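S.K.: Here's the letter readout for the chains.
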Amino acid sequence: MIDAQKSLLNKSRIKAWEPALWLIAFAVPVLVPSYALIVNEIAIVALFAVSLDLVLGFSGIVSLGHAAFFGLGAYTAALFCKHVNPDPHIGLLVSMGAAAVLGLAASFTVLRGTDLTRLMVTLGVALLLLELANKLDWLTGGTDGIQGLVFSPVLGQFEFDLYGRTAAYYSLAILLVLFFVARRLVNSPFGATLKAIHDNRLRAMAIGIPVNARLISIYTVAAAMAGAAGALFTQTSGFASLDVFEFHRSADLMLMLVVGGTGWLYGGVLGAIVFKLMQDALSAATPQYWTFWLGLFLVVLVLVGRDRMFKPWTWFKRGGA
Amino acid sequence: MLTILFDGVAYGMLLFILAVGLAVTMGLMNFINLAHGAFAMVGGYITVLLMQRLDVPFLICLPLAFAGAALLGAVLERTLYRPLYHKPHLDQVLFSIGLVFMAVAAIDYFVGSTQQIVQLPSWLKGRTEIGGGDWILGMGHYRLFIIAVCAALTVVLQYVLAHTRFGSRLRASVDDQRVAAGMGINVNVVFLSTFAFGSGLAGLGGALGAEVLGLDPTFPLKFMIYFLIVVAVGGTSSITGPLLAALLLGIADVAGKYYIPKMGAFIVYSLMIVILIWRPQGLFVRQGGKA
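Protein chains in written order, with my numbering: chain A, 8 to 328; chain B, 3 to 293.
The shape of chain A in the complex, shown without the other chains (with noise of 0.2 Å):
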């Protein structure tokens, strides 16, 4: 084979510690049941920052409103399952495309513009949808939410319990799958023309590569993974309310992408296990002001450079780095 080829090909094939991790993330649930519950939240937010990261790090779109999809995820989930039919998998589905559908009509909103442009446009998209959630209460049921949803069993005889462990088990099944069809597709020749994009988008044109529909199309795949998101977090808490298209969602979320590394897929999954592990040490020291460390490690974070801040050995380094 020729060099360049297999250097090529190296970077998609899957690493020893690759396995190893999906074992660790699958055997928690079971060594430590108590973690069950934590590992379904880990999950769902982690499959939301790669839904994120297809879109931020591998195309260069920024975006603040991606609560959007999966907030349209979680309320599609418990109203198919309400007025419906309560079979999770079918809800997941529907919930993605219900999502896949906002993020094929949203992704001509971000075509154009400058930064700021694309800002607001997601930010207004998730804030409109948040409008609609709260007025249409005849459906939504307004601040209330959608509450007392039952699902039927995962597979016809998995019941969701109390302490999560099928929750979890569901979730991180569907993050694994989700997570490689991803994988697939950042390493496919499809994902190195997002990488060309986000590189340079004038150059990219000029060498003959579709942008816009490159980007619309990667936007709606990215819109229904965080739609599956948004449908696993209803269909394993039972409820949906407004805080799922809420602000401080997608602003939570940019931070674990960040944490753990954009443009790197498990850059997302190690920000969500990062970021869910200091909430919940943070937010049992100080329940009402655990924001404020947030930020300020959010203002560290930036001020110092991720790079530099996990990596203490150049601390002491003078300047070049």
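Rather than coming from a laboratory, the hints here were simulated on the basis of the structure. None of these values were measured; they are calculated from a predicted model. In this text, a Cβ means the ideal position worked out from N, Cα and C, and glycines have one as well. Hints should not be assumed to be uniformly reliable.
In silico DSS-like pairs for lysine-lysine, Cα to Cα no more than 30 Å straight-line [what the hints assert, rightly or not]:
| hint | chain 1 | residue 1 | chain 2 | residue 2 |
| --- | --- | --- | --- | --- |
| 1 | B | LYS224 | A | LYS142 |
| 2 | A | LYS283 | B | LYS224 |
| 3 | A | LYS13 | A | LYS202 |
| 4 | A | LYS142 | B | LYS264 |
| 5 | A | LYS283 | B | LYS89 |
| 6 | A | LYS89 | B | LYS264 |
| 7 | B | LYS259 | A | LYS142 |
| 8 | B | LYS89 | A | LYS18 |
Label-pair distances were calculated between CB atoms; the ranges are [as the list claims (entries may be wrong)]:
| hint | chain 1 | residue 1 | chain 2 | residue 2 | range |
| --- | --- | --- | --- | --- | --- |
| 9 | B | ARG84 | A | ARG119 | 24 to 32 Å |
| 10 | A | ARG119 | B | VAL77 | 36 to 44 Å |
| 11 | B | ILE279 | A | SER195 | 27 to 35 Å |
With chain A held as given, fit chain B onto it using these hints.
M.R.: The following block gives chain B in isolation, referenced to the frame of chain A:
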């Protein structure tokens, strides 16, 4: 009908004063500062606390709110913001969201999360009505006061920008930093003073608006989107753009909430998205400046 228009104008003027600092800093430094509302909140809290705890008269609180927010702006610009001017937008967004989170939690900790009430002096309470029937115009005295203050500030701002040496330095720096620096303009000082002044204006706006908009620790998050709409729709290259955008937003918001209370905010957001898709650079853009 006219009353709604009047309230809308007052609201719009207030938004303009709150957001004009953001427009200038964004145009000047190409810095996406989501924490602008935090300065407004600081101004509001300075006023409320001074009035409640020390019985300082309202009119003296206003300049103090301006000074306090401006001072805070200057300190933060010099220490935290300046290293970030040349970082990517993503970093700036994260940084300013972090600042907002900190401000919200800090105010919550020190003052408490309840909504603060401003006791207006008696000569600002009450209202005057002109005309009758469908065309009645009811003017709250406080709103009249807001319009007067904001209009005066707008005129002063326009004069400073268009006719003073500092104004021309500022405009030169906005158009092209490097050339401006090459012409001997101390761009850093221009940045610092503009940032401080913009923060001060936000503080003043927060003090004036505490009674109209409501003041609680989530203020920067609640109104962030409104400031951003003003800036994104109005464009960052002039004063008239944000002014018109703020008036438009104020009137649309008040009218929307009055006529269709269920869908008020919905209309504002959809209008913004449509405008931004139609004119991504904003509605009122001066040609020729550097984008």
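S.K.: Each hint needs a verdict: does it hold in this structure or not?
M.R.: Results of checking the hints against the structure:
1. LYS224(B) / LYS142(A): Distance ~18 Å between LYS224(B) and LYS142(A) Cα, so the pair holds.
2. LYS283(A) / LYS224(B): holds, 25 Å
3. LYS13(A) / LYS202(A): holds, 19 Å
4. LYS142(A) / LYS264(B): Roughly 6 Å between the alpha carbons, so the hint for LYS142(A) and LYS264(B) holds.
5. LYS283(A) / LYS89(B): holds, 27 Å
6. LYS89(A) / LYS264(B): holds, 25 Å
7. LYS259(B) / LYS142(A): holds, 13 Å
8. LYS89(B) / LYS18(A): This hinted pair holds, its Cα atoms lying about 29 Å apart.
9. ARG84(B) / ARG119(A): 24 to 32 Å: holds, 31 Å
10. ARG119(A) / VAL77(B): 36 to 44 Å: holds, 38 Å
11. ILE279(B) / SER195(A): 27 to 35 Å: holds, 30 Å
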